[in-house]
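Participant: Sequence:
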Amino acid sequence: MNMLSNCLNFQFDVQGKPVNGFCMQIQDDFHETYAVIVDGYHSFCVWLDASATWRTSRHTSVEPTILAQILNKLSTSKQLA
7 MNMLSNCLNF QFDVQGKPVN GFCMQIQDDF HETYAVIVDG YHSFCVWLDA SATWRTSRHT
67 SVEPTILAQI LNKLSTSKQL A
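Each residue of the sequence shown is one higher than the one before, starting from 7 at the first, in my numbering.
Worth flagging that the hints you see were computed from the coordinates, not collected in a lab.
Quick caveat, the model's predicted, so the values are computed rather than measured.
Be careful, since some hints might not be right.
Mimicking DMTMM-like on lysine to aspartate or glutamate, the simulated pairs with C-alpha atoms at most 25 Å apart in a straight line are [stated by the list, open to error]:
hint: 1; residue 1: Lys79; residue 2: Asp55
hint: 2; residue 1: Lys23; residue 2: Glu69
hint: 3; residue 1: Lys84; residue 2: Glu69
hint: 4; residue 1: Lys79; residue 2: Glu38
hint: 5; residue 1: Lys79; residue 2: Glu69
hint: 6; residue 1: Lys84; residue 2: Asp19
hint: 7; residue 1: Lys84; residue 2: Asp55
Pairwise CB distance ranges, derived in the manner of DEER restraints [said to hold, decoys possible]:
hint: 8; residue 1: Lys23; residue 2: Ala56; range: 31 to 37 Å
hint: 9; residue 1: Arg64; residue 2: Gly22; range: 27 to 33 Å
hint: 10; residue 1: Pro70; residue 2: Asp35; range: 26 to 32 Å
hint: 11; residue 1: Ile32; residue 2: Ala74; range: 19 to 25 Å
hint: 12; residue 1: Gly22; residue 2: Asp55; range: 30 to 36 Å
hint: 13; residue 1: His48; residue 2: Asn15; range: 17 to 23 Å
hint: 14; residue 1: Ser57; residue 2: Gly22; range: 34 to 40 Å
hint: 15; residue 1: Ala58; residue 2: Gln21; range: 28 to 34 Å
hint: 16; residue 1: Ala58; residue 2: Ile32; range: 16 to 22 Å
hint: 17; residue 1: Lys23; residue 2: Ser57; range: 30 to 36 Å
hint: 18; residue 1: Asn12; residue 2: Thr59; range: 20 to 26 Å
The beta-carbon is built from N, C-alpha and C at its ideal position, and this holds for glycine as well.
With these hints in hand, go ahead and build the complete structure from the sequences.
Facilitator: This is the structure we're talking about:
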């Protein structure tokens, strides 16, 4: 994501189920942090820690396959920026 676009929309299917939502970079003095909003789920945050490992909020309720797709899209977006 670049400075002009701190929002990433996503849409994909997981086992025939459509998944729609977006990630938006939020201010965090310690990590690169994103709010994640997925249709049909509670919102949650993800961030890159000091070791460049993605971390998630304690109460993230999306299935692991959905989370993996979202993190992949964020990582790909960062590489393109």
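Participant: Are Lys23 and Ala56 spaced within 31 to 37 Å by their CB atoms?
Facilitator: Holds, since Lys23 and Ala56 (Cβ atoms, about 34 Å apart) stay within the stated range.
Participant: Is 28 to 34 Å a correct range for the gap between the Cβ atoms of Ala58 and Gln21?
Facilitator: 29 Å, holds
Participant: For the hint 26 to 32 Å, verify it against the beta carbon of Pro70 and that of Asp35.
Facilitator: 29 Å, holds
Participant: Given the proposed pairing of Lys79 with Asp55, does the C-alpha separation stay at or below 25 Å?
Facilitator: The given pair, whose Cα atoms are some 17 Å apart, holds under the 25 Å limit.
Participant: Taking 27 to 33 Å as the hint, is the beta-carbon distance of Arg64 and Gly22 inside that range?
Facilitator: Cβ of Arg64 to Cβ of Gly22: about 29 Å, so the range 27 to 33 Å holds.
Participant: Tell me if the straight-line CA distance from Lys84 to Asp19 falls inside 25 Å.
Facilitator: 22 Å, holds
Participant: Between Lys84 and Asp55, is the straight-line Cα distance small enough, at 25 Å or below?
Facilitator: Cα-Cα ~15 Å, so holds.
Participant: Is 19 to 25 Å a correct range for the gap between the Cβ atoms of Ile32 and Ala74?
Facilitator: At roughly 21 Å between Cβ atoms, Ala74 and Ile32 fall inside 19 to 25 Å, so the hint holds.
Participant: Are Lys79 and Glu69 close enough, with their CA atoms no more than 25 Å apart?
Facilitator: 16 Å, holds
Participant: Is 30 to 36 Å respected by the C-beta to C-beta distance linking Gly22 and Asp55?
Facilitator: 33 Å, holds
Participant: Look at the Cβ atoms of His48 and Asn15 and judge whether their distance stays inside 17 to 23 Å.
Facilitator: 19 Å, holds
Participant: Between Ser57 and Gly22, is the Cβ distance one that fits in 34 to 40 Å?
Facilitator: 35 Å, holds
The structure is consistent with each of the numbered hints, conforming to all of them.
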